[in-house]
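Could you build all of it, start to finish, from the sequences and the hints given here?
Heads up: the sequence shown begins at 374 in the working numbering, then just goes up one per residue.
Hints are computed from structural coordinates only; laboratory data are not their basis.
Do not rely on the hints blindly, as some may be mistaken.
[Stated by the list, open to error] List time: in silico DSBU-like cross-link candidates among lysine-lysine, alpha-carbon distance up to 35 Å:
#1 Lys456 <-> Lys385
#2 Lys406 <-> Lys456
#3 Lys385 <-> Lys406
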Amino acid sequence: MTTVTIIPRETKNLDGYGLPPLEWDRVIESLGKTRDLDTADAAGRFWLATTRPDGRAHVMPVGIVWDSGRFYLVTGAGTQKGKNLAHDPRCVVSVAAPGIDVVAEGEARIIRDEDELRRIAELFSGWGPQVRDGAFWHEYSAPSAGPPPWDVYEITPTTVYAVASEEPHGATRWRL
Numbered sequence: 374m375t376t377v378t379i380i381p382r383e384t385k386n387l388d389g390y391g392l393p394p395l396e397w398d399r400v401i402e403s404l405g406k407t408r409d410l411d412t413a414d415a416a417g418r419f420w421l422a423t424t425r426p427d428g429r430a431h432v433m434p435v436g437i438v439w440d441s442g443r444f445y446l447v448t449g450a451g452t453q454k455g456k457n458l459a460h461d462p463r464c465v466v467s468v469a470a471p472g473i474d475v476v477a478e479g480e481a482r483i484i485r486d487e488d489e490l491r492r493i494a495e496l497f498s499g500w501g502p503q504v505r506d507g508a509f510w511h512e513y514s515a516p517s518a519g520p521p522p523w524d525v526y527e528i529t530p531t532t533v534y535a536v537a538s539e540e541p542h543g544a545t546r547w548r549l
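In structure tokens form, the structure reads like this:
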């Protein structure tokens, strides 16, 4: 895992009860902990929201990995989320991270570089996808991913919202 320091350019306290803004480092630390959860605990913690070409919203639970200030998503080009991202790369990742709920708005881009794909494949520990022809291949994936090959998307957050689910509570928005 590469460590990248993300420094928000703007912080806004959204708490309506007089609590101070959440610490940015707390969000980053909690997102990092999502990689340490066992598969059963990590399932159902990430959701991806995309927009269909006709403007309707599409939200799905997905397997995502957080690393170096980016989210990594794997899906087939023929899935609804794959079609939506091809039409409009803007998306939202929602995360039930340990102690804090996070919503990250951003843009997705397909990764085709095989060296980068091999680095990302290592992040999906326990699954072990193979890199071939600029995509991931394996005998199985999530039922909603469709058949291989699977595109790998890097989602770069531009705005992040967080609401603490443990003490100290609060709600904050950051522009990156």
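Verification of the hints:
{"no.": "1", "hint": "Lys456 <-> Lys385", "in the structure": "34 Å, holds"}
{"no.": "2", "hint": "Lys406 <-> Lys456", "in the structure": "30 Å, holds"}
{"no.": "3", "hint": "Lys385 <-> Lys406", "in the structure": "24 Å, holds"}
Taken one by one, the earlier hints all hold for this structure without exception.
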